[in-house]
Structure formats: C-alpha cells, structure tokens
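In order, the protein sequence lines correspond to chains Z and B.
For what it's worth, the working numbering labels the leading residue of the first sequence as 285, then goes sequentially.
For what it's worth, the working numbering labels the leading residue of the second sequence as 39, then goes sequentially.
Calculated from the structure, these hints are not laboratory results.
By construction, the Cβ of each residue, glycine as well, lies at the ideal position given by its N, Cα and C atoms.
Treat each hint with caution, since some may be false.
Stated by the list, open to error - When the alpha-carbon atoms are kept at most 20 Å apart in a straight line, the in silico EDC-like pairs for lysine to aspartate or glutamate are as follows:
id, chain 1, residue 1, chain 2, residue 2
1, Z, K486, B, D453
2, B, K392, Z, D416
3, B, K79, B, D246
4, Z, K474, B, D453
To be verified - Non-contacting residues of chain Z with respect to chain B, defined by C-beta distances greater than 12 Å in every case (computed):
id, residue
5, P334
6, G410
7, K536
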Amino acid sequence: MTAQAPQLRQVRARRSLWESTRRTLSSAPFSAWFGMIVILLYVIAAVFAPWIAPYGEAEIVGKAYQPPGPEFWFGTDQIGRDLLSRLIYGARNTIGIAFMTTLLSFAVGGTLGVLTALKRGWLDQGISRVVDAFLAIPVLIFALMLLAVFGKSIVNLILILALLDSTRVFRLARATALNVVVMDYVEAAKLRGEGMGWIIFKEVLPNILPPLITEFGLRFCFVFLTISALSFLGVGIQPPTADWGSMVAESKTLITFPVRTFPWIPAPFYPAIAIALLTVAINFVVDWFLHKTSGLRDEV
Amino acid sequence: MKSDKHRVRGETLLEIRDLRIEGNSDGVWHPIVKGVDLSLKRGEVLGLIGESGAGKSTIGLAAMGFARPGCRIIDGSILFDGIDLRAAGEEDKRTLWGSRIAYVAQSAAAAFNPAHKIIDQTVETAVRRGVMDRGKAVADAVDLYRRLQLPDPAHIGERYPHQVSGGQLQRAMTAMAMSCRPDLIIFDEPTTALDVTTQVEVLAAMRDIVEQFHTAAIYITHDLAVVAQMADRIMVLRHGREVEEAPTRVMLSEPREDYTKTLWAVRKLAKPESVSDDIVLSVRNVDASYSGVVKVLDNVTAGLPRGRTVAVVGESGSGKSTLARVITGLLPPSRGEILFNGKPLSRALNERDKDTLRRIQMIYQSADTSLNPRQTIRDIIGRPLEFYQGVQGAARDRRVAELLDSIEMDESYIDRLPTELSGGQKQRISIARALAAEPDIIICDEVTSALDQIVQEEILTLLMRLQKDTNVSYLFITHDIATVRAIADEIVVMHQGKVVQQGPKSQVLNPPHPAYTELLLSSVPQMDPDWLTNLLARRAAGKAGA
C-alpha cells in the first residue's frame, strides 16, 4: 500500500491450528465439555473394544440372568453372556454402522444438494420432487419395508438408511447452498471455466460446512436411534452380533422383574442408558457448535 | 437547508461532549469513537463526513442515545433538549424516538416492511404515540407526500414498498420520519443507494422539508458534493476523531487540515484520452433478455480498442451489467454477434475454450462476495495460474508473490484470508486474480463504487498503471461520472437497454449532448454549495420555457 493509505483493519497473523483449537476449547461451556468427554469415551470403547471388554462379544461365560457382581459387573443376559462386554462391543457395532450410514448419506445428499442448487432447472425439479415423495413416508416403516424386500444384512441396512437419510441432508445442503451459489466468487469460478467438481467441493462446500457439520451430529443421533429401533424390532443388526437395540429387545422381559441387588437397575436399561447418554452428549456438543458458528453474540 | 441568510437558528438542541464508544469484535473491545464533541442548534443541519470506519454512523445513532448491538457508549454526555440520553431509561428513550428524534436509514427498501402498505407505516408512529388520530395522520401524510413531491400523493400510500421506486421509497421514509414533526432527524447516507438522476430529486425534497418545518438534522455521508448541498456546517471525521469543523462555505473554500485537503483533491485524477483503431472486442447489434420477455439490451453496438478503456455509464436498469454478462457468456444474446480478436465469440460460456475464457476476465463491484472467504490469498490468486498455465508448487507461489508485488501488496499477505484485509486490499486481490490469467480484456463492474474516495483513487491509479504495463483493455462499467473522467478513453452512455451516445471521452463529456446524457451529467453533484439550488432553478426555467 502507498504511504497515505489508511490501514483500515489491523492485519494479524492467523493463529495456528493448535492455538485456535485451544482457545475455542477453553471457551466451551460445561455441557459441551461433558458431551465431548462422553463421546470420547464411547469412541475409545468402540475402537478398543477387544482390549477393554473383559469377555468376548458372543462368548457364553456364565449362567443366564446372573445379577451384577464382581465377576460380571452388569450381570449376564438370557444365555449367559457378559452384559458389559456386549455393551462395549455394541458401541463398536452401533456407532460404527451409524457413522458409516451418516457419512454415506452426507456424501450423496450433500453432493446432490449443492449440485441442484448450482444447476437449478429440471434437474433440481426432478430430484426435489423425488425427495419430497420420500420424505412423505415415515422412515421406520419405509426402512422396514425395504429391509423386508432386500433382506436383512448389515450392508443393506447401511445402504437403505443412508438413502432415506440423504433426503433430509439434501434438503439442508440445497437450501444453504442456494445462498452461496449466488455469490460472485462462484460466478467467477464458472467464468474461469472450472468443472462442477471444483465448484461444488472447493467453492461452495467450505462455505456451507458449519450447518452441515451440525446436521451431521444430529443425523448421526437419528440414524443410530433408527438402527437401534430396527434392531429392537428384529430387522436390524442380527444376533449374535452385539447391538444396543437388540440387547434391549433380548432382555425386555426383565423390565417387570423386581430388582433386589445393587445397583438396582434392570438389565434392559443398560443399553437404553448407553443410547440415551450418547444422544444427549452429541446434542450438547452440537448445540455449542451451532451457537459458535451462528454468529450470535452474547450480549454484555 | 442551505439558504443561510434566512435561516433562523434557535437555542442549542443537541449537545454531545467527549463521546467515547467501543465496539466488540471477537470478544475484544476496541475504540470506535474516541472523544467527539458536537453541538447542534434548532433548525440547523450538520454534515458528518468521513470514510467508512470513521465512526459517522455510530455517532449518528449515539445522538439518539442508541448503541448498535456489539457497541457500547463508555464515556461522555449526550444532552438532547436538556434530557440526558445516557442516563435516560429505555422506556423514556423509546418515547423520544420516532416522535422527537427520527432516523432515516440508507436503504429504504430494507427499512420498510414489505408486508404493509406505505401509508400504514408512515402514520404508525404518530398514531401509536397518540400525536393524532388515524384520519388526521393520513391527511397529514398525504400533505407530506405532496411537499416531498411524490407523484399522486393522495394514493401512493396505498401501494406496497415494492410497488414504488427506490427514490420514492426514500422520500416516503422521510415522510415517515416527519410524521411526528421531530426536533431532530438523523439522515444516514440516505441517497447513497440511489442513481444520480434520482438523487437530485430526493436531495431537493429532503432539503425543502427540513427547512419548512425548521427541523434540526444530522446528515451523514461520504460524498462531499452531496453534503455541500445539504449542510450548514460540516464536521470531518477520521478514525473516530474530529479532524475539523467549519461552516460549509468555509470548509469548501479553505479547508485547514491536510486530511481534508486530500479529500477535496481526490477528484482531480484525469487520464489523457487516447484513441485507437485496433479493436479487440466488438459487440454488434446485440439483443438480450432474461427469460425471453423483457428486452434488457436493445440493438447494442460497441467496440473496445486494445490497451484502452471504454467506460459504460448509465443508471441502474440501463443494461450495462447485462452487457457484461453477454460478453462473458453468462447470458447468451438473443440476436447479434460478438467479435473477439476478429473471430466470432461463442455465445454461451460452456461452448468457449479455455484460452478464450482466460483472455476475458472480470472484476466485481464487491470484493466481499467475489473472493471466497474460505480460501487464502495464495489459493485465490494461484488458482488461475494453476488452471490456465499449469504452474504449480513453488513456481506458483513465486508468481503469486510477483503479482502481489504488482498490486503493491506485501508477499506476507499470501496466507491471509480475505476477511483479514481492508476493502481496498480485497479489491487489489481481485485485480491480481484477473491479472494472473494474463487476459486481453478485463471487465470491471463498478469496481470502485463500494470504496472510499481515497482508496478509489489508489485503485484507479493502479488499474491505469497495470494497463500501461500489460496493454490490457478495460470495459469499465460504472454510474460514477467522476470515475469516467478519471480513466476512460471512450464512453458508451446507456439508457433503458439502448446506447444513447458513444465516442471519445472529450466528445461525450462536452456539449452538445443528447437529452439523456445532459440529464445524467448535470445530475452529478458538484463541490459548489449552490449547485443544487442553481440546477433546480435551471431545470424549472427549462420546463417553463418548454
């Protein structure tokens, strides 16, 4: 700049990634910390399940319905498998499958959403109406029907849920991308002769990432709730693979049994609590992230 | 507001002492206004002038006792007619606002609620405050519309905001502000968003009505020529401090401070005209329309010589930006052809090859929306290099550094994001991105309109130097005649999709003009405090004579 040019804005060196992460984390409220720690524990349990779990996933190690004790912390299930071990393996299966599903649904829904926002016209009309039709049918019933048609396998489960979920991701991605595609830098990229891939992934996507990341957290919750529900109904993850939904189903008769031994929690509640806790934890973190990226300021 | 002699000034209405305001960004408070004193008598108009970031709008709002979200008034006193606005409660201030202090915002289109009729919004404050009943308020509003010279004053209030023009809406907002006969009106850049031809009418209407009702006003703007027409006194602000204050005529004729002098001097930039027959781009009999209904371009023919600048001028809706879209291929013409380096140019963008795309580059009005906020300067300038020339890695970085150097920016900016730069720096980056492609033509769409005058001049000087170095041609789209004078070799005047006049600068800017060019040129505010008065008198005489 020339000498008389006023420096309107102090230009400061960008903080390093580590530094900015540290600053962001230090400002996180208690609920967000709680959520992050819980999620981290779940992830550790999921990744290191074989090393953490005291027994094998489908190993019969005791008698049926043993109460909690020093040998089996959470007791055993209807055929004598250790509940704690199955809970830990269940984390691996449920979270892993839910994560894969959400990832796939974002890849499909996100890409199509941005693409239709860019192209508009008949492509937009076509895809949007198909999505509307899908959205009109309740997910659980639709998923049950498709699983009945295509067969109960984990691959089918992932594909079907990802397809159904991608319709919602598509909606969000399209709506947020519509605000970005009118920007001059997108037009500049078109004028430069850039291909669709570059425009979608380099120009538009980085600018709609915050709402998409938030949505990722929420959709992940819904997906694993749906998986658990399907497993509970018997069409999701199949035995002997450990899964929280089917674990609730397997021991659901115990809900009515009086519990006399410490810690006074009926067995079906363990997986249910695991599901609830993760959902709450994710929502805490998502809330915080949403608040941070929404640009809302805490007024003084 | 101007006729100083007849103006009766009363006692002091507004008294601001040592005002200090802080703004919050990223959780850190930093000063915006650093101790400003200001006093305003009844019936007096004070012009606040300065570049963006000078704190003008913040002071204007503070005069109402209001601090924007993210701002706080930390020190000083604000006395309005004996009432201490800093100590006054929210409830008290709300009673004052609208009835005794009114505010006219920059964008009337954004300030009106699109779901309600204009008349309902005009009388709302008066009726709710109980100043008058609805019947009387409506009659009064119609009277105000008439005084503000709105067409069909009796019925225009029945329309919705989108059904009237921007200039009419701005006057309706002035009527709204006037409805309770306030003692003080704050005008915050009320004509900045308007075309020059519309601006004249709005300025005249505002000036008259403020004078008729003997209202005190603070007029905020960055346009010196405009404030010269409106204000009795002018205060120049910079970086939240007062630079100097003086009666308008004194300020215009003998500014004391160096900063004020540089503001005054800005408009002296002028490039000697040079014509050439080596046409690089020629538009022939082009028609264009959106969705085939309204013809936005009607039989447009124009040529751009190599290494020269052609300015396309006209008000909004004249089709000048559409012409740019047709040339870039974003909007294929419905008739006519475009020759580029002697060969016909494919009509649509996707039919053009990479080399053709490279040769026609574009710079946009707003660098905020034309630079991707998630990409660093390295990526923004480096992408055309990579894309067109296949330059990568260290070679690319070296070239980016060279380009930064050519736009007079330091190499250290390479890892910055656009949000970390000032408006002028961002526009420089846009220029560097266009230059990186080594184009034959750069289309500049209002590239300086969003910038302060000093920065404008720097950008224009830079563009001219780059033209000399690289022999690039500019198609310069603008509504600002001062900019045209500064840089153009040839001028194309457009009105309602047609070319009204074209030719070398000296020919177009000097009489005789076609009627529209005359209107356009005469509407450009001059640095003469009597300009508006004289212009209106001339136009009235012309009408009477015709």
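Of the numbered hints stated previously, which ones are contradicted by the structure, given in increasing order? 2, 4
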